[in-house]
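A.B. asks: The residues making up each chain are set out below.
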Amino acid sequence: MERRKFLGLGLAAVALVPAGLSAVDFRKEKPDTWTAHKVDEAIKALYGDIKPEESGLSIKVPKIASNGGAIPVGMKSDVQLKSLALFQDSNPESAVAVFTIPADVKKVNYMTKIKMAKSGSITLIGEGTDGKFYKVNKSLQVALGGCEG
Amino acid sequence: MANMKIKAKVKGDTLKCKVQMKHDMITYNVAKKKGVDANFITYVTGKVGDKLVFEASTSQFLSKNPIIKFEAPADGLKKGDKLEMYWKDLSGKEVTEAKKIKGLK
Numbered sequence: 019m020e021r022r023k024f025l026g027l028g029l030a031a032v033a034l035v036p037a038g039l040s041a042v043d044f045r046k047e048k049p050d051t052w053t054a055h056k057v058d059e060a061i062k063a064l065y066g067d068i069k070p071e072e073s074g075l076s077i078k079v080p081k082i083a084s085n086g087g088a089i090p091v092g093m094k095s096d097v098q099l100k101s102l103a104l105f106q107d108s109n110p111e112s113a114v115a116v117f118t119i120p121a122d123v124k125k126v127n128y129m130t131k132i133k134m135a136k137s138g139s140i141t142l143i144g145e146g147t148d149g150k151f152y153k154v155n156k157s158l159q160v161a162l163g164g165c166e167g
Numbered sequence: 045m046a047n048m049k050i051k052a053k054v055k056g057d058t059l060k061c062k063v064q065m066k067h068d069m070i071t072y073n074v075a076k077k078k079g080v081d082a083n084f085i086t087y088v089t090g091k092v093g094d095k096l097v098f099e100a101s102t103s104q105f106l107s108k109n110p111i112i113k114f115e116a117p118a119d120g121l122k123k124g125d126k127l128e129m130y131w132k133d134l135s136g137k138e139v140t141e142a143k144k145i146k147g148l149k
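Just so you know, the sequences run in chain order P and C. Just so we're aligned, residue 19 is where the first sequence starts under this note's numbering, counting upward by one. Just so we're aligned, residue 45 is where the second sequence starts under this note's numbering, counting upward by one.
Since the hints were derived computationally from the structure, they do not count as laboratory data. For each residue, glycine too, the CB sits at the ideal point set by N, CA and C. Hints should not be assumed to be uniformly reliable.
[As the list claims (entries may be wrong)] Partner residues aside, some chain C positions facing chain P, computed with beta carbon under 10 Å:
no., residue
1, His67
2, Met69
3, Tyr87
4, Val88
5, Val97
6, Ser107
7, Lys108
8, Asn109
9, Ile111
10, Ala116
11, Asp119
12, Lys132
13, Ser135
14, Val139
[Stated by the list, open to error] Pairs of lysine-lysine residues, derived as DSBU-like cross-links and limited to a Cα-Cα distance of at most 35 Å, are as follows:
no., chain 1, residue 1, chain 2, residue 2
15, C, Lys113, P, Lys100
16, C, Lys149, C, Lys78
17, P, Lys81, C, Lys132
18, P, Lys48, C, Lys123
19, P, Lys78, C, Lys53
20, C, Lys76, C, Lys108
21, P, Lys62, C, Lys60
22, P, Lys131, C, Lys132
23, C, Lys66, P, Lys78
24, P, Lys62, C, Lys76
25, P, Lys124, P, Lys94
26, P, Lys48, P, Lys78
[As the list claims (entries may be wrong)] These stretches of chain P come out as covered by chain C in the derived footprint (C-beta under 8 Å, 3 or more residues):
no., region
27, 55-67
28, 127-133
29, 136-150
30, 154-162
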């Protein structure tokens, strides 16, 4: 019986691994990230205790956003990344999105539109394929808050 | 059903994509005020064939009808290839739509 159980466990482990590698749903993997109210807490929940370098990434946002309901945020990297996380500090929760970067994407060039309730800052954290973490931070003014729909 | 607008184009050696998803993206705050359930897109992927070109887990702070632009390398793409976008929201609704990639020879 012992041996049977052992074999069964091994099979289960093998079956689980490929699914984990091909796609990561960060909502299931790191549920604490999405409920954290501070940027620092959210980063800690997602990546652990890290000391990111302030280089390698850039954010493009308007200095003054007239409509907080749809603020375009451009994200670029000069380094190869494994994942990229976007946070802001003006909404009740901090996390906006976590992107998993496919292995053959050398330089990230993404854009999305986000909501912000009031003026604040946007933080981008990148996890490099070299194991280092990168960070960039940018503040902006929001003329009309967008979180109330 | 037009749940998404997808544009995918190859320029040089880059695949450039722009996707708009039709979704109300109701945050928890708005949900409380209006007495409806919060509902927003939580997970998005983009695929060409079996290859993953885009993947994101998202929260309620994407804008209403969120737009995502992304780039990926275009090596190995053939004429007739399609970009298949998939999203899932909090209520469990899942949508998949595909669009032919332009600019391929």
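A.B. asks: Give me the numbers of the hints this structure contradicts, sorted from smallest to largest.
C.D. replies: 1, 13, 14, 16, 18, 27, 29 and 30
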